[in-house]
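Given chain G's structure and the hints, the job is docking chain W with the ligands onto it.
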Amino acid sequence: MPGYIQGRNVNLTFRPPNRGPVRALSNFDIDINEGEFLSIVGPSGCGKSTFLNVLLGLVKPDSGDLQIQGKPIVGPGTDRAMVFQEFGLLPWRSVQDNVELGLELKGMARDARRKVSQPLIEMIGLAGFEGHFPHELSGGMKQRVGLARALATDPHVLLMDEPFAALDAQTRDLMQVELLRVWQEARKTVLFVTHQIDEAIYLSDRVMVMTKRPGRAKTIFPINLPRPRDYEMRTTPEFNELKLEIWNSLKDEITV
Amino acid sequence: MSDQAAPHQGFASRYRNVLLGLLAVAIFFAAWQAVFLFVPFNPLFISKPTLILQALVSLLVSGDLLHDLAISAVPFVYGFSSAAVVGVALGIVMGWRPRVGYTLDPIMIMFYASPLVALAPLVIVFFGVGVSGKTIIIFLLSIFPFIFNAQAGVHAVDRLLINVVRSLGGSERDLYLKVIVPSVLPYIVAGARIAVGRGLIGVLVGEFFAASEGIGYAIARFGDLFALDKMFACILCIMIIAVALTEGIRLAERVAFPWRVGQ
Ligand SMILES: Nc1ncnc2c1ncn2[C@@H]1O[C@H](COP(=O)(O)OP(=O)(O)O)[C@@H](O)[C@H]1O
Ligand SMILES: [Mg+2]
Chain G
1 MPGYIQGRNV NLTFRPPNRG PVRALSNFDI DINEGEFLSI VGPSGCGKST FLNVLLGLVK
61 PDSGDLQIQG KPIVGPGTDR AMVFQEFGLL PWRSVQDNVE LGLELKGMAR DARRKVSQPL
121 IEMIGLAGFE GHFPHELSGG MKQRVGLARA LATDPHVLLM DEPFAALDAQ TRDLMQVELL
181 RVWQEARKTV LFVTHQIDEA IYLSDRVMVM TKRPGRAKTI FPINLPRPRD YEMRTTPEFN
241 ELKLEIWNSL KDEITV
Chain W
1 MSDQAAPHQG FASRYRNVLL GLLAVAIFFA AWQAVFLFVP FNPLFISKPT LILQALVSLL
61 VSGDLLHDLA ISAVPFVYGF SSAAVVGVAL GIVMGWRPRV GYTLDPIMIM FYASPLVALA
121 PLVIVFFGVG VSGKTIIIFL LSIFPFIFNA QAGVHAVDRL LINVVRSLGG SERDLYLKVI
181 VPSVLPYIVA GARIAVGRGL IGVLVGEFFA ASEGIGYAIA RFGDLFALDK MFACILCIMI
241 IAVALTEGIR LAERVAFPWR VGQ
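Chains as they are written, first to last, in my numbering: chain G, 1 to 256; chain W, 1 to 263.
It should be emphasised that the hints constitute simulated quantities derived from the structure, not laboratory data.
Virtual Cβ for every residue (Gly too), placed ideally from N, Cα, C.
Here are the computed lysine to aspartate or glutamate pairs in the DMTMM-like style, where the Cα-Cα straight-line distance is at most 25 Å:
1. G:Lys-60 - W:Glu-172
2. G:Lys-106 - W:Asp-158
3. G:Lys-106 - W:Glu-172
4. G:Lys-60 - W:Asp-158
5. G:Lys-60 - W:Asp-174
6. G:Lys-115 - W:Asp-174
7. G:Lys-106 - W:Asp-174
Just a sample of chain W residues kept apart from chain G, beta carbon distances all over 10 Å, derived:
8. Ala-30
9. Val-57
10. Leu-119
11. Gly-197
12. Val-243
13. Glu-247
14. Gly-248
Excised from the complex, chain G in its bound form (with noise of 0.2 Å):
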């Protein structure tokens, strides 16, 4: 179903207290499919963030029309949930706590709870580390508790904001097999913000590619990669190539 996800003439301008006006958003058009993987790369501070923001209803923009299955975003809203780079755990919260707080924050019983988020803790991996705290946790495993959270409340997009760019390499690696393995079973729909062209192509069904702020689409690559995808597939010509593209696409756009 095209449009699933529809934004049009998106335009969004930061007004600091003490500073000049950011524009962060100009023009801003994007459709997404359901179901799809899509990533976006752009240059920092092209108002990546800024999107993913919009969309999960937490920044409203100045001017624009942005709608989920034909309804517009007017706040925060279940059918969507974000997986944040800096993992945004409550400190003071166990591990099962922490995964169950959308569910808790919709009213749900603790024995309602408890089954949702018993499988996910086994599917993300932390059966046994029901109890223990986020410091208790490496950064994969903090990780893993913020896409168990945002996937507790069962939405059907799923928004994630450079989420593995606080790991380091190996634990990226095996975090974005674990996405695709969750992906592909949970059918959702992922908007996935990175700086890394190889994971973005690596994941998505498309990439697009954001101008430099104030942030537009500016291509969007279709990747035809056959699914499910390995680690190895990386080192195909076809990879390459379109690494190349992305990334000739993206230079222009960053200035240094």
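Coordinates of chain W with the ligands only, in the frame set by chain G:
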């Protein structure tokens, strides 16, 4: 707010550090005692540890000390606990609602910076020498660390966690209960440690001005009677209580906020 020992420290060396501290305390009292081997001792102007200890024992045996402490404890508990409740609530709202903060900051800072002790006679005039007057003095002296620490705690709340709870559909009330209060708690405990000392000053001041019972009254009266050994015994007792309360809070903090150990 990191006052924990280095994590690699072994048990033996930590034990040694405590001993070093206790040694300094012992040397202090020993030096106090020894001074009078060289300086003539006049019990009207000064006392010495051996006499203070004797006085402490006799006050404990007679029950006078415990009676006075019990009398003083009542307004302390009232004043301190109401300061905690009101101060924390006020501090959180002042921190979370910038308008409230801007409005109340100057007046709070004015009161905090001024020597409130000077108001004690006035409070006594209005509220009398009983429990209520003392409670109000203790309340006034101990509320500000709660207010300012709670406010600082709110300012230090991680915005990301606020966004997390909002994005999962949390209400304003959820933000308070699930993010703001838990992240402010350690700050409140730190504020409580400061407030204990100020609250104890309130006890003494309240009873210095006008009272017929209580530990502050006892100190003032023994001073007037030149019973300096008993006066110092009471002061020592207050010191021990102050240390016990602040250290007790520190220990409770370790137990209550295990997640802070790793931060
Ligand atoms: N709350 C805010 N107030 C003011 N400026 C902001 C705010 N959030 C983001 N910006 C600015 O908007 C621009 C886009 O930011 P962001 O969406 O975070 O970029 P990125 O693509 O790196 O995620 C940046 O210039 C940033 O400084
Ligand atoms: Mg960003």
